Amino acid sequence: MSRKYLLLILAFGILLSVPSVIHDTFFLRIITEAILWIGLAISWDVLAGYTGYLNFGHGAFFGVGAYTTALLMKLCGWSFFFALPVAGVAAGIVALIAGIPTLRLKGAYFAIATWALSRAIQQVALVMDITGGPDGMRLPTFLHPEFFYYLMLAVVGGIFALYWFLLEKAPFGLKVKAIREDDQSAMSLGLNPTWIKLQAFILSAVPTGILGAIYAYWITYIDPASVLGDLVTDQAVVMAVFGGLGTLIGPAIGAIIIFLFKTYFWAYLSDYQVLYLIILGGVIASSVVFLPNGLWGTISGYLQTRKSSKQEPVSQGNSDKGAHHV
Amino acid sequence: MSESLLQVNAVTKTFGGLHAVFQVSFHMAPGEIIGLIGPNGAGKTTLFNVISGFYAPSKGQIHFKGQDISGKPPYKLAVLGIGRTFQVVKPFAGLTVLENVIIASFAKHPKRRQAEQHAWRILETTGLADRANAQASSLTLAGRKRLEVSKALALEPTLLLLDEVVAGLNPTEADRTIELILSLRNQGITILIVEHIMRVIMNISDRVVVLNFGQKIAEGIPRDVAKDSGVIQAYLGEAPQ
Numbered sequence: 000m001s002r003k004y005l006l007l008i009l010a011f012g013i014l015l016s017v018p019s020v021i022h023d024t025f026f027l028r029i030i031t032e033a034i035l036w037i038g039l040a041i042s043w044d045v046l047a048g049y050t051g052y053l054n055f056g057h058g059a060f061f062g063v064g065a066y067t068t069a070l071l072m073k074l075c076g077w078s079f080f081f082a083l084p085v086a087g088v089a090a091g092i093v094a095l096i097a098g099i100p101t102l103r104l105k106g107a108y109f110a111i112a113t114w115a116l117s118r119a120i121q122q123v124a125l126v127m128d129i130t131g132g133p134d135g136m137r138l139p140t141f142l143h144p145e146f147f148y149y150l151m152l153a154v155v156g157g158i159f160a161l162y163w164f165l166l167e168k169a170p171f172g173l174k175v176k177a178i179r180e181d182d183q184s185a186m187s188l189g190l191n192p193t194w195i196k197l198q199a200f201i202l203s204a205v206p207t208g209i210l211g212a213i214y215a216y217w218i219t220y221i222d223p224a225s226v227l228g229d230l231v232t233d234q235a236v237v238m239a240v241f242g243g244l245g246t247l248i249g250p251a252i253g254a255i256i257i258f259l260f261k262t263y264f265w266a267y268l269s270d271y272q273v274l275y276l277i278i279l280g281g282v283i284a285s286s287v288v289f290l291p292n293g294l295w296g297t298i299s300g301y302l303q304t305r306k307s308s309k310q311e312p313v314s315q316g317n318s319d320k321g322a323h324h325v
Numbered sequence: 000m001s002e003s004l005l006q007v008n009a010v011t012k013t014f015g016g017l018h019a020v021f022q023v024s025f026h027m028a029p030g031e032i033i034g035l036i037g038p039n040g041a042g043k044t045t046l047f048n049v050i051s052g053f054y055a056p057s058k059g060q061i062h063f064k065g066q067d068i069s070g071k072p073p074y075k076l077a078v079l080g081i082g083r084t085f086q087v088v089k090p091f092a093g094l095t096v097l098e099n100v101i102i103a104s105f106a107k108h109p110k111r112r113q114a115e116q117h118a119w120r121i122l123e124t125t126g127l128a129d130r131a132n133a134q135a136s137s138l139t140l141a142g143r144k145r146l147e148v149s150k151a152l153a154l155e156p157t158l159l160l161l162d163e164v165v166a167g168l169n170p171t172e173a174d175r176t177i178e179l180i181l182s183l184r185n186q187g188i189t190i191l192i193v194e195h196i197m198r199v200i201m202n203i204s205d206r207v208v209v210l211n212f213g214q215k216i217a218e219g220i221p222r223d224v225a226k227d228s229g230v231i232q233a234y235l236g237e238a239p240q
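Chains A and B are the protein sequences, given in the same order.
Counting in numbering that gives the first Met the number 0, the first sequence runs from 0 upward without gaps.
Counting in numbering that gives the first Met the number 0, the second sequence runs from 0 upward without gaps.
Note that these hints are calculated values from the structure, not bench results.
Keep in mind that the hints are not guaranteed to be accurate.
To be verified - Derived lysine-lysine pairs resembling DSS-like cross-links, with alpha carbons at most 30 angstroms apart: (1) A:105 <-> B:226; (2) B:58 <-> A:168; (3) B:107 <-> A:105; (4) A:261 <-> A:3.
To be verified - Below, a sample of chain A positions facing chain B; criterion: calculated Cβ distance under 8 angstroms: (5) 170; (6) 174; (7) 189.
Keep in mind it's a predicted model, so treat the numbers as computed, not measured.
Note that CB positions come from ideal geometry on N, CA and C, so glycine has one too.
Given these sequences and hints, build the entire structure.
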């Protein structure tokens, strides 16, 4: 157990030293973006993997955070560090308003409702004047790759630590899992499912809004397609599903693999760009069929059965659900 | 009347045009075990669901500890002290037995460490401590029923609703569960139990309430109810003249 956390801390330490080793801004940018996607994948998984509710409008929170930052900085002249928390709060408020009616619904209806919400928000950004319509918005520029690298690392590292504490150490994690496993039983044990799902939804949305804020200031240009489009959600979903739902490490691994694949594909095989979405679709379809527990879930499930079959030869079949651990 | 822990007053639950439970009244004194019996489809489980808050009564009221609880959601009643089990057991299958009971313990012990200690104590009394770290999905039916009781007990309930916790067990397992129920009563927990096995109901109940087609057709001590002609008719059909 503790070896796993040691490895995580080691990985974090290596990441901390990256800018002093790699001076190539292209690579630094790729690593920064990979860290961003880790954040997006784990924040999506908080709701999907831990409560079982698939949010197909995750990109809306990202876009709301990005646009909130752009508007505050351009129209109100706020500094970035004041806009950043407000972006998180704005995404949280959207989650609260959207979650109260929709989290009472069964999972499939929730998925449709969140997808529709994200389309609606994208449409609003497209038609409004202050958001620049389809032309998007340009933010004050701050060209400092190392700054954004460290900021992204600190924020995503913070999100990871917060999630790990809340979901794996604090009572909240068990309550959330109880609702995923059986909400009727959870209710009879004193848990209010709608309230707990709402908390998880906000816990998923606020960091996503903050990541949107950092992205906007970093890239300095946002438009409805880039921050509110389907692709933000779709990639986060594929990364989390491919890596392994209901864990924190799984989606992080999924994010790294998928993002590196995408970058390689776009950088070196750009003639075949149209194939990217087809491959993404193929990956999700085949990982649902062949790796229902995701990459990490399959690996840790395999290790667990091997360990338990060593300890007690007559092990009870716990391999299929063994995936739900970090 | 102030003595009764639970007071069910003319409760009716209607689904569409069907009265699943119709004008049922009874009360429970603290420390009593009441058996709720009746043929299949008599409305026992529906009445359970109404008392535990899963359905709001269409008519009538339910008072618990003198407080009107009709229509309150289950998660509030659980904290007030009503624990229940489900006829179709509902373990949190992907979690361990211990985790299942810890979740229930949070109602009275919000801190993780205290909840875990409390869960261990519960598992000791229900005899599942040696399976604490097994996945709930790996338990046998008897184990799952025991887990169901453990979870309800972890709420530290004053009123426990047990829905067929003995049915489906072999005689040894059944005896252990009956022992457990009696020891819970000795701890002062009031118990309402639905069971099809008459041997169990007749032996452990202080009083029996009989439902048929949603209505109460008899109530009294087990011996008298067993002789009641209405009850015999409900179970065995009309006697030929």
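Hint check, failures only: 1, 2
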